[in-house]
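Asks: Residue-level listing of the chains:
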Amino acid sequence: MFDLRDLYLQVIVDHNKAPRNFGKLARFNHEADGYNPLCGDKLHVYLDINDAGIIEDVSFEGEGCAISVASASLMTEAVKGTPLSGFQKKFETFQHMVTADLEETPDEEKLGKLAVLAGVREFPSRIKCAVLCWHTLKSAVTDSHVVAKTE
Amino acid sequence: MFDIEKIRGDFPILKQEIYGKPLAYLDNAATTQKPQCVIDAVTCYYEHDNANVHRGVHALSERATADYEAARKKIAFFFNARSEREVIFTRGATEAINLIASSWGGAHIKAGDEVLITHMEHHSNIVPWQMLCERVGATLKVVPINDRGELIMDEFDALLSERTRLVGVVHMSNALGTINPVKSMIEKAHAAGAAVLVDGAQAASHLLVDVQSLDADFYVTSAHKMYGPTGVGVLIGREQILETMPPYQGGCDMISMVTFEKTEYNDLPYKFEAGTPHIAGVIGFGKAIEYIQGIGFDAIGQREKELLDYATAKAEVFDGLRQIGTAKEKACVLSFVLDSVHPHDLGTIVDREGVAIRAGHHCAMPVMQFFKVPATARASFSIYNTEAEVDMLFAALKKAQAIFA
Ligand SMILES: Cc1ncc(COP(=O)(O)O)c(C=O)c1O
Chain A
1 MFDLRDLYLQ VIVDHNKAPR NFGKLARFNH EADGYNPLCG DKLHVYLDIN DAGIIEDVSF
61 EGEGCAISVA SASLMTEAVK GTPLSGFQKK FETFQHMVTA DLEETPDEEK LGKLAVLAGV
121 REFPSRIKCA VLCWHTLKSA VTDSHVVAKT E
Chain B
152 MFDIEKIRGD FPILKQEIYG KPLAYLDNAA TTQKPQCVID AVTCYYEHDN ANVHRGVHAL
212 SERATADYEA ARKKIAFFFN ARSEREVIFT RGATEAINLI ASSWGGAHIK AGDEVLITHM
272 EHHSNIVPWQ MLCERVGATL KVVPINDRGE LIMDEFDALL SERTRLVGVV HMSNALGTIN
332 PVKSMIEKAH AAGAAVLVDG AQAASHLLVD VQSLDADFYV TSAHKMYGPT GVGVLIGREQ
392 ILETMPPYQG GCDMISMVTF EKTEYNDLPY KFEAGTPHIA GVIGFGKAIE YIQGIGFDAI
452 GQREKELLDY ATAKAEVFDG LRQIGTAKEK ACVLSFVLDS VHPHDLGTIV DREGVAIRAG
512 HHCAMPVMQF FKVPATARAS FSIYNTEAEV DMLFAALKKA QAIFA
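Chains as they are written, first to last, in this note's numbering: chain A, 1 to 151; chain B, 152 to 556.
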């Protein structure tokens, strides 16, 4: 049977306790808010995209459950230094992983550390916790100025 | 005697396992489970008596109508309404409040008037008043709460004025468990010339409610929180007031005569029941009321207090737990946060241990804002819950802490 430890893997617990890239960036040129009204999760992401279209730096602030904080923390690590075109691919790969059939093994080569979040598939009500940060980052990239939601 | 085993046996859903663990259903403030007698009443209606009400001369329609109206009678008696004309069926507490805001509020609340609600209202007793105030130019005022989650009565007295048209107050808070002194609030509101709406969505399954002794102008509740079906609830209104109110929705059942020039409205309570009602739901509601009466509020109150005391004592000595809502007068709700675990994670973790609780804002975001938490975990109890289930909850909390240690 699926175990809670498959959702709350040590990596996730660690990232929740000590989120990476947490806080406001000293210099940024994009930002966005994300909000999940169901559980009250709030996120704000900051982005510094350089002239070559590469994510030079990224950070987040906010409060939320362990899944949403860990996911945001892992996301910042995964996208830092990548070109925007790469971000769009990562977004889709991540979205696919958390909504894919349970039988499908996550593509660890493409996903890297993000694969630790594959466990949320077992917990349908928690998927949106994992994807909120990605939607927020996407709003920041596109400067949409609407609060990102996952619905 | 309160026979817990017999009561548990009345609720078929409780016999199941969740992830291989016995189910501990501690989310009763969201909705209660249904006893077999209610399930049977609904089934029996569909199997034997299904027909539209108030419309047919055939046997089925007459049976359905008789059962529907018998339920109204039971409910009138249960709440001690003056007559069945004061008992209006709605989709639930939410629709009942919207009915009052729209019909009574639309007719009586004008620019410059005030509606006084409290900081612990459920969204369904906030938003309809906000919408109305915005529409007519009235002002929404809010009675504050203290750190225990009790209304500050001096502030209530101060906020009540000749501008106050209506006081809207929750009888028992779903987020905190607080039981409000509605009787004295109603007395004061009436002295100030204001009408009072009491939101009894939580209270009605835990406390004896007598609308005449309370002297409430409007009392609303939902069947599904009282062991009855979802999708049905009731507004008990003072007849003199209901008489003066315009209809809420137009349709059939609420009319006595329709021509293209003019429509004459039906008498109470039908004036407010447009369209085919939730007949099975009302019949099930009536059966649920009978079920509650069979146990009696003395026994219910005593047992539920015993269980809340047991859970509260455990909560008080649980490391890292902060209770949200510690009113002197409270019932059946243990709302809390843990230092190290977000309520949402807690909900998921205890679920895997078979324990169903609610994690979130409980449709009372202002309460969360007051206590400066994004959400709480809430265990809410009912007549069928046991000390063993409370133990399961606290064991599961320990497990959650271990995961995040
Ligand atoms: C205090 C209170 N008021 C109103 C409601 C709304 O009830 P319903 O959703 O059944 O209309 C609830 C239900 O959560 C409640 O707890």
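Errors might be hidden in some of the hints.
[Unchecked claim] Derived lysine to aspartate or glutamate pairs resembling EDC-like cross-links, with alpha carbons at most 16 Å apart:
#	chain 1	residue 1	chain 2	residue 2
1	B	Lys334	B	Asp298
2	B	Lys550	A	Asp3
3	B	Lys479	B	Asp460
4	A	Lys90	A	Glu103
5	A	Lys80	A	Asp48
6	B	Lys339	B	Glu390
7	A	Lys24	A	Glu63
8	B	Lys172	A	Asp3
9	B	Lys550	A	Asp6
10	A	Lys17	B	Asp366
11	B	Lys523	A	Glu63
12	B	Lys261	B	Glu313
13	B	Lys339	B	Asp298
14	B	Lys479	B	Asp490
15	B	Lys339	B	Asp366
[Unchecked claim] Some residues of chain A that are not near chain B, with every Cβ distance over 10 Å (derived):
#	residue
16	Val13
17	Phe28
18	Leu102
19	Glu108
Hint data in this document are derived by calculation from the structure and do not stem from the laboratory. C-beta atoms are modelled at their ideal positions from N, C-alpha and C, and glycine is treated no differently.
Asks: Enumerate the violated hints, using their earlier numbering and listing them in ascending order.
Replies: 1, 4, 6, 10, 13, 14, 16
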